[in-house]
Amino acid sequence: MSAIELRQVAKGFGATPVLTDVDLAVPDGSMTAVLGASGSGKTTLLRLIAGFEHVDAGTVVIGGQLVDDGCRAIRPQHRGVGYVPQEGALFPHLTVSGNIGFGVPRREQHTVAQLVDLVGLHGLEQRFPHQLSGGQQQRVALARALAIHPKVVLLDEPFSSLDASLRDSVRRDVTRILAETNTTTILVTHDQDEALALADQIAVLRDGNVVAAGDPRTLYRDPPDITAATFIGEANILTAHVQGDQARCALGTVVLHTNGSQTNGAAALPGPSRLLLRPEQLVLHLQARANTVSATVVDSQYHGHDTLVRVALDDPHCHLLLARVSGDLALTPEQPVWVEVRGSGRAWPIRME
Amino acid sequence: MTNIPMTDIQTDVPREAQRTPILVAPPRRHRRWRHQEGQSRAVVAASAIIALALLLPLALLALDARDAGWGEIHQVLFRERSLFLLRHTLVLSALVMILAAVLGVASAWCTERCQLPARRLWTMLLVLPVSIPDFVVGYAWHSIAPTMNGLLAATLVMTLGTYPLVYLPVAAALRRANPVLEDTAHSLGKGRFVTFSRVALPLIRTAVLGGCVLVVLTVISEYGAFEILRYQTFTTEIFTEFQFDPQAAGALSVPLVLLGLLMLGIDGMLPRRTVSSTVSAAPRRARGPVRWRWSVAPMVLALGALVVLGVGMPIGTLGYWMAQSQHTTLPAATTLTSATWTTLSYSAWGAAIAVVTALPVAMMTFRRTTAPRVILDRVTYITRAVPGVVIALSLVFLATRYAYGLYQTSVLLVVAYAILHFPLALVCVKTSVAQASARLFDVGRSLGASPVAVFCRVALPLLAPGLLAGFCLVFLTAVTELTATLVLVPIGVQTLATQFWAYQSEVAYGAAAPYGLVIVVLAAVPGTLLGLWFDRERHTRVSLT
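From first to last, the protein sequence lines stand for chains A and B. So the first sequence is numbered by numbering that gives the first Met the number 0: it starts at 0 and just counts up by one. So the second sequence is numbered by numbering that gives the first Met the number 0: it starts at 0 and just counts up by one.
These are calculated hints, taken from the structure and not from any lab test. Glycine included, each C-beta is placed from N, C-alpha and C at the ideal position. Treat the hints with caution; some may be incorrect.
To be verified - With the Cβ distance kept under 7 Å, some of the chain A side facing chain B (calculated, not the full set):
id: 1; residue: A49
id: 2; residue: F51
id: 3; residue: A72
id: 4; residue: I73
id: 5; residue: P75
id: 6; residue: Q76
id: 7; residue: Y82
id: 8; residue: T94
id: 9; residue: G97
id: 10; residue: F101
id: 11; residue: G102
id: 12; residue: I147
As the list claims (entries may be wrong) - In silico negatives: residues of chain B with every beta carbon more than 10 Å from chain A:
id: 13; residue: R119
id: 14; residue: N177
id: 15; residue: T183
id: 16; residue: A184
id: 17; residue: H185
id: 18; residue: L187
id: 19; residue: V198
id: 20; residue: Q231
id: 21; residue: E240
id: 22; residue: V299
id: 23; residue: M312
id: 24; residue: A347
id: 25; residue: V457
id: 26; residue: G530
Work the whole structure out from these sequences, hints included.
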């Protein structure tokens, strides 16, 4: 069953449309990440679900109950939606307990202590928000939202304001707490790594539309189209000629995978196509081998655990490709390398673009 | 009206600029900084002189009181009459404060948090009473309904005149407060009223109380409106006594100043910034055009009534008397022009002096915390508590005792304007100085510009709007000033306010009306400019965050 269902939701501010035709179903107990660039309407989507804004058209259903159909809308305070805004937005004049207990009826105030323990802030109950670190504030904001036993929790870029060092641990804590309480969650983010790492389902939002939705693995390995492919993770797109389950391209012949979830048969369609290869599928060799193509290193970005290398193929078109290699491999610009393709690719016929 | 609630913009300056001088201990300055040390010494010296000038009225008041002797003070203060005046002043202040707070907060809530159509127009109309002097409002009501006298009439007039002093800082605080906090409260199951009382109100508390202090300061220093409405307070009594027994007036000033200082003390104790979480400035949301809904109709009616009473009524009455007097006695156009010219030049001079002197003080107060800085801050602050009539009296005392040549000259009046409105100029200039951080000057220098070039190309463009705003604000309040003007205006010279006052005292309402109208127009022009400046301020703040 879906905890949240949005159907053909449209919303604009004045003359500017923000969301045009959004369909989204969030399964019960799952975490769905809404991934989009800034200004793509992510926050608006959350605010529509929370009830701070009302849809212009379409319907919003939460827990089987119609809450907004463009004519009448249930007020935010009656929706049972936990909202964790950007940067927490704790009430600055209330303590940790005061913040967490804000939505809790007086006779149930004793549950606040449990929530404080749940988010691991025991001993900090009497602190004020400005006396907390960013991660602690974020956890208070989460506990405050969970305190009303919400049907769904909305997280609006919850980790973007945290230091990189803190982000991982807070992410881990938050997902653990949400999993422990089996809470349906929508996470809005512009960080694709975050979406890939945390979500059970990713919905890619672009120009007011959900352009792709699915579980992270499928979206990464087997995206529905080129746009989605380039949006999630780094992508090399090459022109290729498909014949059977193979594609010929500047890197030689690449096997296509057709066992993806989207069995629309696109991979099998013969003819000129575009081929997707992820950077980690390109292996760089320092000597020529069988099935390799010669190229020249353009530049590289060292990340410690790995290095992203841009290489230009030594063919007349000078294709620029991105390869992910082990961090130990030291490469200098202008250095000759040989590129090999590992694994299978995904192709879409060009005329479908 | 002498007090405009601009305390809020003091806290509006970018957080960075506010904190740096206070929290971060500056590195010890070495020789290469000597050049700037020299500059800073000049600033300190200039500031010290200005501070002394600002303290002058209080010093003179003390001298005056000493001359009068304890016996005289005792005799004037410890009599039934003083108790009566004190009660009158306090009761009126309390009533007006409560009503202005309610009206100010409610209207700010309407314009900032509700789906009000034509929001900007409402904002402008709600602030307009600031440009209408209270004595004109008093005249408007009294001339139409001569039975309007006493406490209730005074409460009505002062409430309608002072609620913008609460409205402005509260609206600013609401704009600054992150609306997400209120959204969150809604999502936690709380309705409008609980959200307002438990989330919004604590956030705007400082702004409300600060506005209330300004309202009380205005009420205790008002003279004209109460004279018209026959309601006696300390200020009206001081004014009356001044004509017969200047020493008694001096003695009566003491409790008035103490009352002002008390209010200032309360204001000083308010936390300047409510405990802020690390939440950054409120994210601005796109507002679509507001569709008319019947649910806002009562709100529109209530705000409409407030504007009709506060703006429509005085301006309508002025127009009515103008129309009435067409066939009787309109004042000679020459008198009106000369009075306008006098008012313009006095106010402009006072505003220019106030702004120019505010500049070094503003530069001073954003430096690191040192003893001179703290003292200066306090001194400039104290001036706000001294009513215009006391400043005027002290200057009369100064002139008659030590500089008779200055007595009855326009110099004295201009100086009074400058001292009286210095705090207003300072607030505006401070905002600008805070934005023009020293780092920008350093960058300018590093890009190869000479100090003069940096001043012209960096400092001036950044400071100019603040200086202009300060000028407008002081100009506006000087044009509408009556009390100090009546005391200090040279014999034979008429300003718009004094001429208006003279005619209305003779119940020549028709003859007074054109003067009142010109005052309102002259005050409304800089008022509008100020409104523009505030909007610009908002934009810069957004771009800075």
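Hint check: 7 Å Cβ-Cβ cutoff, I73 (chain A) to chain B: violated (12 Å)
Per-residue hint verdict: F51 (chain A), partner chain B, C-beta under 7 Å: holds (5 Å)
E240 (chain B) non-interfacial with respect to chain A [C-beta, more than 10 Å]: Non-interface label stands for E240 (chain B): nearest chain A Cβ at 47 Å, farther than 10 Å.
10 Å cut-off, C-beta based - A347 (chain B) kept clear of every residue in chain A: holds (42 Å)
Chain B contact restraint for G102 (chain A) - C-beta distance below 7 Å: holds (3 Å)
10 Å Cβ clearance of R119 (chain B) from chain A: Holds, since 15 Å exceeds 10 Å.
Consistency of the no-contact label for V457 (chain B), given chain A and a CB cut of 10 Å: holds (31 Å)
A72 (chain A) as an interface hint toward chain B, with CB separation required under 7 Å: violated (12 Å)
Hint validity - F101 (chain A) Cβ closer than 7 Å to any chain B Cβ: holds (5 Å)
Minimum Cβ distance from T183 (chain B) to chain A greater than 10 Å, as the annotation requires: T183 (chain B) is in fact no farther than 10 Å from some Cβ atom of chain A, at 6 Å.
Outside-interface status for V198 (chain B) - nearest CB in chain A farther than 10 Å: violated (6 Å)
Agreement of hint T94 (chain A) with chain B interface, Cβ distance less than 7 Å: violated (10 Å)
Hint compliance for this structure: hints 3, 4, 8, 9, 14, 15, 16, 17, 18, 19 are not met, and every other hint is.
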